[in-house]
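A.B. asks: Chain by chain, the residues run as shown.
There are 2 protein chains.
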Amino acid sequence: MIYPKSIAALIEHFQKFPSVGPKSAQRMAFYLLRMPLTEVEKFAQSMIDAKQNTKTCEICFNMSSSSPCEICSSPQRDKSTICVVAETKDLIAIEKTNEYKGLYHVLQGLISPMDGIGADDIRIKELLNRLTDENVKEIILALSPSVEGEATSLYLSKLIKPFGIKISRIAFGLPVGADLEYADEITIAKAIEGRREL
Amino acid sequence: MIYPKSIAALIEHFQKFPSVGPKSAQRMAFYLLRMPLTEVEKFAQSMIDAKQNTKTCEICFNMSSSSPCEICSSPQRDKSTICVVAETKDLIAIEKTNEYKGLYHVLQGLISPMDGIGADDIRIKELLNRLTDENVKEIILALSPSVEGEATSLYLSKLIKPFGIKISRIAFGLPVGADLEYADEITIAKAIEGRREL
Numbered sequence: 381m382i383y384p385k386s387i388a389a390l391i392e393h394f395q396k397f398p399s400v401g402p403k404s405a406q407r408m409a410f411y412l413l414r415m416p417l418t419e420v421e422k423f424a425q426s427m428i429d430a431k432q433n434t435k436t437c438e439i440c441f442n443m444s445s446s447s448p449c450e451i452c453s454s455p456q457r458d459k460s461t462i463c464v465v466a467e468t469k470d471l472i473a474i475e476k477t478n479e480y481k482g483l484y485h486v487l488q489g490l491i492s493p494m495d496g497i498g499a500d501d502i503r504i505k506e507l508l509n510r511l512t513d514e515n516v517k518e519i520i521l522a523l524s525p526s527v528e529g530e531a532t533s534l535y536l537s538k539l540i541k542p543f544g545i546k547i548s549r550i551a552f553g554l555p556v557g558a559d560l561e562y563a564d565e566i567t568i569a570k571a572i573e574g575r576r577e578l
Numbered sequence: 381m382i383y384p385k386s387i388a389a390l391i392e393h394f395q396k397f398p399s400v401g402p403k404s405a406q407r408m409a410f411y412l413l414r415m416p417l418t419e420v421e422k423f424a425q426s427m428i429d430a431k432q433n434t435k436t437c438e439i440c441f442n443m444s445s446s447s448p449c450e451i452c453s454s455p456q457r458d459k460s461t462i463c464v465v466a467e468t469k470d471l472i473a474i475e476k477t478n479e480y481k482g483l484y485h486v487l488q489g490l491i492s493p494m495d496g497i498g499a500d501d502i503r504i505k506e507l508l509n510r511l512t513d514e515n516v517k518e519i520i521l522a523l524s525p526s527v528e529g530e531a532t533s534l535y536l537s538k539l540i541k542p543f544g545i546k547i548s549r550i551a552f553g554l555p556v557g558a559d560l561e562y563a564d565e566i567t568i569a570k571a572i573e574g575r576r577e578l
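Protein chains in written order, with the working numbering: chain A, 381 to 578; chain B, 381 to 578.
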């Protein structure tokens, strides 16, 4: 035996999620089986609802319930600055700080030749189209300091320079509250490289 | 803003699962939103199917597609031995070894006064009822070596002794392939305690 077929199918579905291995998938499936049926139905429905009600913003490619999204259509946002991120979840991380009041552009990925993702596979062309709008004064690149993030940042800065628009990149360094002793070498190197005069 | 309502609801559902924190729940929700709608629908349906097709075995309380379950109703299984486990997933872990050919009894929990789970809240009464069947010759307690597992094992062994049935407990010690140097103190203590003469 081992598993009834319907449980095996459920475990297989859970296992498709990122960073969910066979053990976690099994644990999640068993947890679900102990939930009341009404709860399971609500969860199932919420997945379909979220999928059906989520649109991709035609301007910035943010995931949202409307297109253009709430940020692009808000009169309160500063339309002179565009912050470029890889994914919607990065946008949300920045929104949570309540510090940034400009617009966004969600690339929907990073250039990654290893994974066969080239410049045409992400929303670079659409970003450049937005730059022809003369209101745009600054582009902030908020891509992670990975190989793919570095490559994409470099590529973008080359393409954006001819527009004569200010380009900046978010700072990398020691996280607030972190102990220098426990920081990894690359972070320390980035922190030294990005030092500021006092 | 932060999240559209339907995405927030989905994240909240994912977060209910054990060992899924806010970050993992968010990652899973976004992964789901990038899946094609047909895939999402299949996943949603598989949850409902699994829940609806899963029964609890009336004899051993295993989760199964039938009751009595495949194990209880199999003529190949040795009916003289009952292995007592806390959860169906423990049963599955033992089944995967292909070593054990007896029956099971799934307690559906462990005694845990801290969580308000007493002896009457798990399937102990039903286990004792099974012991009146004279075929049963041995009970193997396969409960984890946690405080709750120890308490439940102790309690069960006291209740089972009067039946004059052999009781054993699975061995605890160093896992195969493990390095003594990296094992935790409790495991080493258990390994020494459970030593066998050569």
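Be a bit skeptical, because a hint or two may be false.
Computed cross-link-like contacts, SDA-like style, restricted to lysine to any residue with a CA-CA straight-line distance of at most 20 Å [stated by the list, open to error]:
no., chain 1, residue 1, chain 2, residue 2
1, B, 422, A, 481
2, B, 435, A, 413
3, A, 481, B, 575
4, A, 396, B, 383
5, A, 435, B, 476
6, A, 538, A, 512
7, B, 385, A, 538
8, A, 403, B, 469
9, B, 476, A, 401
Calculated from the structure, these hints are not laboratory results.
A.B. asks: Compare the structure with each hint and give your call.
C.D. replies: So, going through the hints one by one against the coordinates:
Straight-line distance between C-alpha atoms of residue 422 of chain B and residue 481 of chain A comes to about 39 Å, which puts the hinted pair past the 20 Å bound. As the CA atoms of residue 435 of chain B and residue 413 of chain A are separated by approximately 10 Å, the hinted pair is consistent with the 20 Å bound. Pair hint residue 481 of chain A plus residue 575 of chain B does not hold up; C-alpha atoms about 66 Å apart against a cutoff of 20 Å. A threshold of 20 Å between alpha carbons decides the hint, and for residue 396 of chain A with residue 383 of chain B the separation of about 24 Å lies outside it, so the pair is violated.
Only pairs whose Cα atoms come within 20 Å are accepted, and residue 435 of chain A paired with residue 476 of chain B is rejected, the gap being roughly 44 Å. Distance hint between residue 538 of chain A and residue 512 of chain A is fulfilled; the C-alpha atoms sit about 16 Å from each other, no more than 20 Å. Restraint check: the Cα-Cα separation between residue 385 of chain B and residue 538 of chain A comes to about 38 Å, which exceeds 20 Å; the hinted pair is violated. With a CA separation close to 10 Å, the supplied pair residue 403 of chain A and residue 469 of chain B stays within the 20 Å bound.
Proposed proximity of residue 476 of chain B and residue 401 of chain A is supported: the alpha carbons are some 17 Å apart, at most 20 Å.
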